[in-house]
Each structure stands twice: as structure tokens, then as C-alpha cells.
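Peer 1: In the order they appear, the protein sequences are chains Z and L. Take the working numbering: the last position of the first sequence gets the number 996, and nothing is skipped along the way. Take the working numbering: the last position of the second sequence gets the number 281, and nothing is skipped along the way.
Check the hints yourself; a few may be wrong.
Said to hold, decoys possible - Lysine to any residue pairs mimicking SDA-like chemistry, simulated, CA-CA at most 20 Å apart:
1) L:Lys234 to Z:Pro804
2) Z:Lys615 to L:Lys193
3) L:Lys234 to Z:Leu187
4) Z:Lys615 to L:Leu258
5) Z:Lys181 to L:Phe82
6) Z:Lys615 to L:Phe82
7) L:Lys73 to Z:Leu187
8) Z:Lys798 to L:Asp252
9) L:Lys73 to Z:Pro804
10) Z:Lys628 to L:Glu263
11) L:Lys73 to Z:Asn256
12) L:Lys193 to Z:Lys628
Unchecked claim - So, partial list: chain Z residues that the calculated Cβ filter (under 10 Å) puts toward chain L:
13) Asp37
14) Ile185
15) Val612
16) Leu762
Hints were generated in silico from the structure; no laboratory data involved. Note that CB positions come from ideal geometry on N, CA and C, so glycine has one too.
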Amino acid sequence: MMNRFNHLPTLKVDTAQKIAFIYKGKKYYGVKGDTVATALYANGIRIFARSLKYHRPRGLYSLDGECSNTCMEVDGIPNVRCENTLLKDGMVIKEQNVKGSAENDWMSFLDKLDWMMPAGFYYNVMHKPAKIWPIAMKQIRKAAGLGKISPDFEMPGKFDEIFLNTDVCVIGGGPAGMMAALGAAQKGLRVILMESRPWLGGFFEYRSSQYKEGETLHNRAGQLAKEVESFENIRVFTHTAAVGTYNNNLVTGFQIGKKDDVFNERYIEIRAKSVVVAAGCIERPLIFDNNERPGVMQINCALRMAKTYGLLPGKKAVFSIGHDLGLEAALELHDLGLAISCIADIREDGQDPVLLKKIQDKNILFLKGWVATKAHGRKLVKKVSLASVDGQVSKTFDCDLVVASAGMTPVTGHITVAQGTLKYDNHTGFFLPDQMPDKMHAAGRLLGLNDPLSIEASGMLAGLKAAFDCENCSIGEIGEAKKALENLPGPVRGTKLVTAPVKGRKSFICFDEDATIKNIKQAIEKGFDVPELIKRFTATGLGPGQGGIPGHNLPLYVAKYQALPDISIRPTNVRPPLVPTLISTYAGVNHKMFKITPMDEMQRKDGGIFRNIGVWQRARYFSNDLSCKKEIENVRSNVGMLDGSTLGKFRIYGPDALKALQRVFVSDMSRVKQGRIKYSAMCNDDGCMIDDGVVIKQGENDYYFTTSSGRAGQTAEWIRYHTRYDGWNFALVNLTDALGVINISGPNARKVLEKVVDIDISNEAFGYSEYKEFKISDTIPLRAMRLGFVGELSYELHVPSSYMKAVWLMLKEAGKEFNIQNFGVEAQNVLRMEKCHIILGQESEQRTNLLDVGLGFLWDRKKADAKTIGAVALHQAEKDQTRLKLVGFKMENNSRAPRDGALIVDDKVRGYIATARDSFSLNEAVGMALVEAPLSKIGTRLTIFEDECGDDRIYGKVVEMPFYDPEGKRMKM
Amino acid sequence: MKKLQRVSPVVFKSTPLKTESRDNWEVVMEYNGEGDGPYLVDLSHRPRFDLQDSNLAAQKPFGILIPETPGDCVLENGILANRMNRTQVSLFNLDADDTVSMPDEPGYTEVTESTLCVALIGKNVFSICEKLTALDFMDQLRKAPFLFQGPFSHVPCQIVTLNKAGDKSGLILTCSRGYGRDMIDSILHAGEEFGLKPAGESRFAKWIKEL
């Protein structure tokens, strides 16, 4: 294990606390605060993975997870970004995308075959002849892709979610972000501050440069963080990456949990009145040959390795940089013991003279207008070639570390995802925000600022602008903050160089997809002249780094290669999530929210097998015999109980209640008589049936009606919508959950019920299609209906939900002598099918109208058309002979029932099976089908096609409906 | 004859220490291990009514003046009146010592059975809420009591915030009775990290008296 510095004030590791982990089966130690990547690095691991296409060795590069170089398998989870993942005790880490090992990968020969794989080679090569493609595709997919996961892998860990509201959301916890948060918070606003690293401080946090006299940037970061944390109205979320920004300032992100948190990761959704984006800059990668060879890393990576994690990133280094940060890093690392052979600065001038003086004092070779052209070494960097920017002169230096960076580039994803636009700025060399989205403000380094005081002032200005959005700040105050910023140094001049003077065959613009400068040239030569097209043709920026590496280099290079007079082209679109995370994090806790009936617990105890049906969980079976033979036979010959509580139930009352009912039901609802039940249906404007149920008049201008279970949630809105212009005075109350429903059915139903109730329920006193209200035990109010959905003597009892258990137990007790049994939804389905009673959604679909299913008799044609929804369409449909008709059928030769949804065919599809079952009541297979009119004649032979039946067909014959008790005597007994 | 027992849609796993029988409801007054808060209290047995009228201004349910603006609420004499929209108000009888009956007038419907009703009271109440809903309880423009009609754990709810002040915070939530099991599970799960525990009605009675 490498020695660590332990004296630096900027350190975020505790070298005294060791953490053990397993890498490739061997035990290693990191320290508290390490990421997986730094722990591996500390243990001498330099090659973390192999690249996607060419299997080139890859190592530490950005330390912020900007590319897939350090994606590894951690605790069985592939593609873990090791630079961003804190080391935990006992972690098991493996390489991925290697055949053999990352050190010695058998597939590395592919690197020599790059000439066979030019840009877009999939499109050009593998489909000629076309039959090659399926074979080639399989091989490519085997070779490519990062990580493997078993289909039955269960994600370990806890995933949570929170939904926050705030006045101001600040993205970025660096100096600008913290100042913005303070600015808004001082105005009394609620502020949320999101920082992707585990601590606040951003660009200041790890630097020892002077902030002002006697104070380092690191100290200043600490001061600001303390101040931020002292405000009760600022909520700080560290280790929280903002991954999406949407309309109306919705910001999404995910937070990595700390040791004591109840979550491993949690999804965060923030609704803000105003947003400040202070996401800072990343480095623009320097493009030269082998620019991704392990040992090449960015300035911040090298500097933070030492300052944050206490690790010297190499022994002997060459710097090829284009920003003063590179000079600062070289000096700091030199002081910490890194030998520096040379600093090559792309810039001819413009360097900070103080830094230059220090470099000179330390006798470090400094070359202005020079750049790295090639990193040498088969697996790791051994030396590097430098050349003058014009490529005329070159030198080579031995080294094990190349610190390379073309300069800075702003992190603008949060702005562009929210539909803000960017424009190239010639001074900074940045794509700067041009038009900001409404109530979103940019601050800090992403505006090109580099001076610490300017960065802070821009943060304060953005914070006040956000406060103004929340109507808590005056224009005058904003003017003052603006003036303060204008009096400070403005944006710094940036470097323009994109690539070193190289041909580019091994100069990578995108590490994730192994896309080189040569590939970009190939794409442009094929006519793909804008970044969006090139991105798709070369896959540049499509990898897990979300375009972090190619980012702004791609449009700059495209502009340069085509010698465009100005850089009018734009970076490619980035999309959420801006930082990759786990799908489990998006799934969150995933509470299952289902409704249960008051009988849920009782039915489970009775052996009910439950299924999710719409929003409800219902007992579908009461044994493992899914044909429900016993349940069905018990209802036909004895008595059964069904929990029908899911039925929609409504009260509608008021002077215009009847008018509303007339509007939505097809029947004449004025004929609903007290004490009687009226069955009717609702249609939509196309005459298609959307609901059915019964209506009861329970008083003057006061009705009670039921709807199908699936439709109950929409009924009230449906009625209100269709009466919205009438100004009628009526009220609706949804009583679906207020009342449970017990359906007691079978020839012995009356014998059971009469033991429980005190009223006369003989056929004479309580006949078919009648309705009664009474009390059980003088206490429990009941609404009882004589219905016959399952084709037997049946009572539907509507009971207050809290009393459902009591009534259910009474009926069970009363039914003991008859051996009363439960029956479930599937048994009910078969029973009603034998009776040819329809269920919407089963015997109908979106296009099925009232007439198609044979319920035209419900429609009162004398009602004025405009007053009944769907009536106009039904008038037209009556003359239409091309519509499907619902028919009953029996199977030929006593064969089995076809599957629901099977097709009726001849040389075309002529209809489909709605419901079909082997009927135990009839001892044959029967069903209902929707077929074209010519096939609906009694006796027509139906040819039935089922999934995967090949050339085999089964046959049925159209018969009269209903199949069971056609005279309806049993339900009226 | 066996005693008729009404069953609440809310079931807690905690052991009741003290119960009271009221209108066939077995009301738990205190649970074992209620902790220091926050608390989740089942109020599903408390009478609740729906009142609809095209001229609500003319109505004075239980002598209470109905708030004019939808979303506003008033708590008077143990009755919480929540203005839902132009024509509708929900009424919760929260005072266990003064149970009221539904007025015998046409616009009223008893909806006690329609919904579950719980109170979420004590410290960190809104930290629990933000794990389950995007509704903004801490909006400085909303003065308690106020009504939200919106999703809570993905389920349409009526939520009345009665107090927003620190440890005294509290709200009442109602939703379709059928969601009882899953709603309680999700609230208790969300509140686990904050020490949320089921509590008896006494805890709520004390809390509301201190409002």
C-alpha cells in the first residue's frame, strides 16, 4: 500500500482508520474516506478496466466519474462508478469487460484491428449480405457492453425517495452556489443546496492558493460551508447529484446515503420557484495519441489525489496543460514530492506571473506553446512526447504520470436540459449560457469566471435574482450586486486548442465508446457534418459518462475540422439523468398501494388466493383448482358467498339528480320505482358501452346506483363532465368504500339469509329485481337487492364497511348447516358466463357499443337524443351491418374451451373469443365471442386460432344464449 | 347474541393498553410503547360528513360558518370544516367528548365509513410527509388549518394541516377506506427513521386541546 500524506488540512481521509475490501479475491485495505478508485490506486492498481470496443487498458482519469474508465463490479453490481463510490468495509470488487484480467486481456488484440472498425462500421459492413447481421450482431453484443448481471439478480440495499418544495434550489455547493444560497436565505427564503461531492466547497475546497491576504481557498470554503449550515432555512444535500431539470423548475437528483442513513441511495424531487445553477467547470480533455493510457490524468484528478486523499499520483510527471490550475497543481505536487520533468503549456502567454516565477524558482522546465502528442507505454505510461503546438519541434520525457488538460469547460447540462441555449464565446472558449430558462440563473465558473471574489459575487447576484423571482428582493439590490461583480475581474481568456498536432488514429475524443479523432473525420467525410449526427454515427458521447469527456470537444473539433468561419454549431443534447444512477434509486421505496375490501383478512384465512385486479386486491380462487369446479357446483346446487365490495356505489341527489341520470344512462330513469331495481348502462359519445349497474330510488330526488368496479374511480367526473354546461343542481357522493357488498347466491341462499334478518324475504315478499332497506339486530343498516348475475337465487347485501365482518360471520354461522362456502371472482366469472351476463372489458372493448353486446333493449329511444350520451351514435350504428356482434358458442366434439382472446378466423380475422370456459354446469365447453355480423347466425361454424397453434385450429358453433337456465327460473325462485 | 363489533380500516400491530367501547367501535385510547413522538392515531371512528349545496354560504353546519375559499378550514367546537370546492365541504367531528349526529337535512351524507382517518402529530411530521408526497405543507402562504386534496403515497387524500409549529405539528389525513392497510404501512415505513409509533386517541385529544 502506498504511503499517504496525513498532514494536509484539505484531506478527507482518515488514514488511521483502515477499511478492508476484496479485489479479485485478495484482501486489500483502504482508509476511511477513500473511494473505491482511490483505495485501489493506493494499493498499486493502475489498470481498472478495459475499454468497450478495443479493450484498451483504462485507469484513473477524472476522479469525478466523467467516463467509464473506472466502472467496475462492486458487490455484484456492474458498472459502479468507482471514482464516486465511497469504500465500505468488506466490499468485493471485480474487473469487468475483460477476458482474462484487466492487466492481461485476451481481447486486447482488437486494439490492432481498429482499421477494420471505422466510424459507422456496423452500418456499412455487417448487413451485406443481410443474413450476416443476425450472426454478427450476436458476436458484437457478446464482445461489447459493460458488465454482466443475472436476470434474477436482486438489488441489495435500501432505496428511498423524498419530494421537496422550496423557494430556491441551488445546484452546486461550491463558492458560487453557497453564496447564492446565502443570498436567497438572507431574504428569508427556503433554500435547498445540492452538491454532488460528499462535502461543500467545490473548486475552493482542496486548494491552498490564496483567497485573500492570509486566507487560503480551502479556509474560505470551510467558512462559507459553516455559514451555510448555520441557516435554518438552507437545507444542504451533499453527495447529491442533480440529474434533471424540468419545466416549472422541477429538479431531480439522487443522494448517496451515509453510514447512519436509512437509505443507500434516495431519489430527490424538488419543486422550486427559482433555480440557480452553479455547477462549475470540468476539464476539457486534451486530445493526443494514447490520451487515455493509465497514467494520463486530468489536473484536478492529480491534485485531488494528493490534497483530498493523501496519495501522490505518480513519481515522475510531465504536465501538458492549458490553464493556470495546471501550474498551481504542478507547484503543489512538486512540493509534496512529485518529480516534474516538464510543464508544457498550450498557451503562449497569459499565465499568472506569480505562478511562473515560482516555477522558475523551482527550476522546473516550462515550455510555452507546447503540448503532449503521444503517451508511450503498452499498458501504463512510460514516457511522453511533447511538441510545439505547430508540430514543428518535439521532445520526449520519461515519466509515469502525464497530467493533461486542454483547459476548462462549463457544466451546462442543467441549463440545456431545461431548454436553455448556449452560445460559443470566443474569449473564454466556452459554450456559455445564452438564453436561460425562465427563473433559472447561472453563477460562478460556468460563466468563465476564475477569480475567487468574482465567483462569489456572481453567486450572490444569482441568489438575489432568485429571491427576486420569489418576490423577496428589489431591483435596486440586484443592481448593487451586479455592480459589485462588474468591479471584479471578469471571465478569463481560455485556450482554443482542441487536439495536439496528431493524425488521431489513437487520439480518443470519447473514452466510453472508443471513438477517436480519426472516427470523427471519417464521419464528417461521409457527410455527417453536425455533432448530433456524428454522435449517432460514431457513438461519441453515448456511454455511461453521459458525454462528460467528449462534451464540448466534439463541437469544437467539428468546427475546426470543417474550418467553419465561426462556431455556430452547438454541443450535442444531453439528457437526464445527467449523472448515471441505479434504476433502483428511481424505483424508490415503491410502496404497493392497493385497496382491500373489509373481508380481505377473513377471506385470506379461508384460503382465498388473491390477485391484483385494477386498484383492488380480490380473492379470485378459494382452492388451487383454478377451474373452481367445487365453488361453481356449490353455488349451482347449494349456497355460496362472494365479496363484491369493489362495486362502485354512489349517491346522487338534489332537484336535478334525475336529469343527470337521464343524461348518462341509456334507459329512461324516470321509470325507476321505489323498491325496484333498474339495470342500465352508460355509453360514451360513440355509443360504446363504458359502464353498467343498477339504480335505486331511495327518496325524492335521491338515488343510489352501482357501477362496475373498474369504472368507479371515474364515474363522478364522468357525470360532472357531461353536465358541465347545464347548471343543474345535484350532488354526488362516492360511497364505494363506505359499503361492503356480500353476494349470497344459490338455491339455499334464502334459507341462510332468513336466519339472519328479521323481515320476510319470501319470494312473494321480496321478489326478483326488488330492493329493501332494513336493519340487522336493530343496529346494522342494510340495503338488499334481489339480483341474479350468477343465474341463481341471489341477494346482494350492501353493508356499512365497518360492520361487514360482523354480517359475514353471521351469514357464515347461519349457513353452517348448509355447508355454505366462499366463491371467488373466477367462479363468478364462469357462473355469469354460463348465463351470458356480460362483464365490460371482457365481452367488450373500446369499440364495442351497446347494440353489439345485445343490450339495445336498455336504450330508451324516446328520450331526446341530445339528452343521452351516445344516443346519436347508437341511431347510426343500428343501421351498420359491419359491426361485431356478441354470440354464444359451444365447442365441437366436446373439445376444450379456447383461450380468452383467441381469434375467430377464416382467411382473415373475423372476431375474437371474449370468455370461454369448460362449463361444469353444462358439461361442455361454452363461451361468448364478438364476431362479424355474417358469422353471428345460429349454427355458424367458428374457426378458432390460438397463439402458437401453428396450422391446428379448433372449432365451435354459434348457439342461442344464455346457455344456462334460459328461462331465468332459477334466479326468480 | 354476540356483540356487534365495528372494524376500523386501520390496524396497528402495537398492543392496546387502554380501550373504550363507543358506538360498537373498540377505540384504543393508549398503546404500549407509544414513544416520544411523532404519533400516528387512528380516528376512523370519528364521525365525518359530506355537505353539498349550490349555496353553501347559506349553510351553517353545527353552527359553524363555512370558510369561503376552497382549501381553507375552520376548527370550532370540535368540528373541523374543510372547504373543498364551490359546493362542497367536509366536516370532521374531532371531539371525542362531544359526538354529533348527522343533521337531518338533504345536503348531508355520512361518510365515516367511506374513508380511513388518521392524525399524524408531533415532531418531524412534515419530514415524514415529504417522503410520501410532493404537497408543500410548509408553504409560508398557507396558514393552518388548511386543506390539501392531493396524492399522499400516490393515493388521493384530504389532508388538513392543523399546526405547522415544530413539535406541535400535526395533520389529519383521510383517504378511501380500502387503502387502509397499504396507507398505514407506507406512513409507518416512512416514519420509521423518525420514531413514528401508533398512539391512542388520548394522545390526539391532548394534542388538539393544546392547539
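Peer 1: Each hint: holds or not?
Peer 2: The hints, checked one at a time:
Our distance criterion of 20 Å between C-alpha atoms is broken by Lys234 of chain L and Pro804 of chain Z, whose separation comes to about 40 Å. The hinted pair formed by Lys615 of chain Z and Lys193 of chain L fails the criterion: a straight-line CA distance of about 26 Å is larger than 20 Å. For the proposed pair Lys234 of chain L and Leu187 of chain Z, the alpha carbon gap of about 16 Å is at most 20 Å, so the pair holds. The hinted pair formed by Lys615 of chain Z and Leu258 of chain L meets the criterion: a straight-line CA distance of about 14 Å does not exceed 20 Å.
In summary, the hint linking Lys181 of chain Z to Phe82 of chain L is not supported, as the alpha carbons are separated by about 24 Å, beyond the 20 Å threshold. Simply put, Lys615 of chain Z and Phe82 of chain L have alpha-carbon atoms about 18 Å apart, close enough for the 20 Å limit, and the pair holds. A distance of roughly 48 Å separates the Cα atoms of Lys73 of chain L and Leu187 of chain Z; the hinted pair therefore is violated under the 20 Å criterion. Taking the CA atoms of Lys798 of chain Z and Asp252 of chain L, the gap is near 31 Å; set against the 20 Å cutoff, the hint is violated.
A threshold of 20 Å between alpha carbons decides the hint, and for Lys73 of chain L with Pro804 of chain Z the separation of about 16 Å falls inside it, so the pair holds. Taking the CA atoms of Lys628 of chain Z and Glu263 of chain L, the gap is about 32 Å. The hint is violated against a cut of 20 Å. Only pairs whose Cα atoms come within 20 Å are accepted, and Lys73 of chain L paired with Asn256 of chain Z is rejected, the gap being roughly 54 Å. Restraint check: the Cα-Cα separation between Lys193 of chain L and Lys628 of chain Z comes to about 38 Å, which exceeds 20 Å; the hinted pair is violated.
Residue-level restraint check for Asp37 of chain Z is violated (minimum Cβ-Cβ distance to chain L is 26 Å; threshold 10 Å). At its closest, the beta carbon of Ile185 of chain Z sits 5 Å from a beta carbon of chain L; the interface hint therefore holds under the 10 Å criterion. With a cut of 10 Å, the hint placing Val612 of chain Z at the interface with chain L holds, because the nearest CB-to-CB distance is about 7 Å. At its closest, the beta carbon of Leu762 of chain Z sits 7 Å from a beta carbon of chain L; the interface hint therefore holds under the 10 Å criterion.
When the structure is compared with the earlier hints, violations turn up for hints 1, 2, 5, 7, 8, 10, 11, 12 and 13 and for no others.
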